[in-house]
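*Asks:* Below, each chain spelled out in residue letters.
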Amino acid sequence: MRRRAIFDNKGLPYLLLLPQLVIVGIFFYWPAVQSISLSLLRQTAFGFGVRFAGLQNFLELLHDPYYLFSFRTTILFSVAVVAVAMSLGLLLAVMADSPIRGTGVYKTLLMWPYAIAPAVAAALWLFLFHPSIGIIGRMLNAYGIRWDYMLNGSHALLLVILAAAWKQVSYNFIFFLAGLQSIPKSLLEAAEVDGAGAMQRFWRILFPLLSPTTFFLLAVNMIFAFFETFGVIHALTKGGPAKATETLVYKVYVDGVINLDLGRSSAQSVILLIIVGIGTMIQFRYLERRVYYL
Amino acid sequence: MQATRVKYRTERWGWVIRRPERWIPHLVLLAGVVLFVFPVYVAIIGSTHDAATIARGEMPLRPGPYLATNYVQAWLVGKGERVTASPVGRMMLNSLIMALAIATGKIAISILSAYAVTFFDFPLRMVFFWLIFLTLMLPVEVRIIPTYAVMTKLGLINTYTGLTVPLMASATGTLIFRQFFLTVPDELVEAAKIDGAGPLRFFFSILLPISSTTIAALFVILFIYGWNQYLWPLLITTTEGMQTIVIGITKMIGTGEAQTDWNLIMATTVLAMLPPTAIVLLAQRWFIKGLTEGEK
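So the sequence lines, in the order shown, correspond to chains V and B.
Position 164 (the first sequence) corresponds to 164 in our numbering; numbering is contiguous.
Each position in the second sequence, counted from 1, maps to that position plus 294 in our numbering.
If we strip away everything but chain V, and leave its shape as in the complex, we get (with noise of 0.2 Å):
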């Protein structure tokens, strides 16, 4: 798509283009063209210098049950916050879009949290989970829940799935409901007119057209749940008990940035590089169909 009217001028695009060509360029491309060319390098012994090691990076991590470890991990923890959060966003839109009074007011009242950063979510999170001051930590343990997600993998993954999924609710709230709004109304008296209850009008008619909507939050819900939660599991298990949140994120951070081994932190940078893209071409059919056809 392009326009009719445009302007003759030979340099000044250039120019125009440059400050982000050059930030996308010492930033961006420089360093990932260096993470893929260290993913197939190997620091020699003593790390005296580097020698050509081909794929051998990739295959010893795929032989790694540590990694193999983070990848469960990962896949749970993502699974698990995208359910959470979509289904509750979903709940809330549709609710929300009921001829109810107050719309506007609960509408407010639900979305504010999305500018609440991951880091601050875990803290909040902490501070009520806490197994010997947290009211709700404080509140299992009287219970006779042995709850501590300081020492017990299986807790601490669950504290940081309801930490990440509780900060993203209202995102997929707001996207669903201006989906739910898009539906004409029309489509739902007419059902209700043929008999339809609640709940077949839901699946019926409503579920399937706000199928596009859903993939796309799919998307960015998977993509938030890989790269954005890092704050989240920095800030309350690092990684911990016995990597039992180490996630892929995490575990690029700790091999890259705390161990320092180059070759091998880069050889998952790739990988995560190839799961993104598949991501983000998701994400991108869905931007071109709200661009050309709505």
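Incorrect hints may appear among the rest.
Claimed, not checked - Pairs of lysine to aspartate or glutamate, EDC-like flavour, derived with a Cα cap of 20 Å:
1) 545/B - 415/B
2) 545/B - 534/B
3) 10/V - 415/B
4) 583/B - 97/V
5) 238/V - 551/B
6) 238/V - 261/V
7) 545/B - 97/V
8) 185/V - 97/V
9) 10/V - 484/B
10) 243/V - 261/V
11) 238/V - 148/V
12) 243/V - 60/V
13) 487/B - 375/B
14) 487/B - 8/V
15) 447/B - 551/B
16) 373/B - 484/B
17) 243/V - 148/V
18) 243/V - 64/V
Derived by calculation from the structure, the hints in this document are not laboratory data.
For chain V, the structure is supplied; the task is to place chain B on it using the hints.
*Replies:* Same frame as chain V, now just chain B:
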């Protein structure tokens, strides 16, 4: 529709039993509000007690008497008996600089790029567009070590430039402005050209003013994006004086022992939430527009 609603309302509680669809939404939505508000409420309560009360696990759900003391100490000193951080005032300033610079920079850079790719025809136009667009696939996490190396080489560690400039590229910003520019009528461009306006004059006198709502909407989203940055400031800032408030909270929590200055941590947490939340609530219309018209 209106008549039925009035009828059910006037039968007092009759409608509650007969029309469950009328009160179930309220119940669910209120539960949602409580789910969101409760953790924040507890944090505010925590910031009004003293560290010892919290550490003993005796914090009630009512406000305590130390509100002023805690906030003054967090804001001016930042350090407690067990917690060390920069004064919150300093960290808030760093976060504010970061958020404002990232939001303004992203908008300026992406509006110029979008102007170039929509209003001009030049060789490699689409190549540049794709170069910008594909950065969506390169978050910090996939280029963490080499980016850090570049930053060190350029001497940008612990500088505001390092904290903000590398985050100013914006694929989505460029996409959103391009999308808006494509809707600008050709007649407007022709009229400006006939009146003798060059490309720069057209940009500043016509395009910029009609883009103001898009700019405002993007600003709200990008301010929040900038304020909430985590991995980048964690890598780029190593001195206390450069710390942002979100990183500061994690540093204060440390290993999360019971015996720490939770009152100060919670005061800091509440202060850290305040600016982005206030922006969402005050600029609600722009926030929704900015969010639903594209991410980041």
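*Asks:* Are the hints correct? Go through all of them and say.
*Replies:* Status of the hints after comparison with the structure:
no. : hint          : in the structure
1   : 545/B - 415/B : violated, 51 Å
2   : 545/B - 534/B : holds, 10 Å
3   : 10/V - 415/B  : holds, 9 Å
4   : 583/B - 97/V  : holds, 18 Å
5   : 238/V - 551/B : holds, 14 Å
6   : 238/V - 261/V : holds, 18 Å
7   : 545/B - 97/V  : violated, 41 Å
8   : 185/V - 97/V  : holds, 11 Å
9   : 10/V - 484/B  : holds, 19 Å
10  : 243/V - 261/V : holds, 18 Å
11  : 238/V - 148/V : holds, 15 Å
12  : 243/V - 60/V  : holds, 19 Å
13  : 487/B - 375/B : violated, 68 Å
14  : 487/B - 8/V   : holds, 11 Å
15  : 447/B - 551/B : violated, 38 Å
16  : 373/B - 484/B : violated, 62 Å
17  : 243/V - 148/V : holds, 15 Å
18  : 243/V - 64/V  : holds, 14 Å
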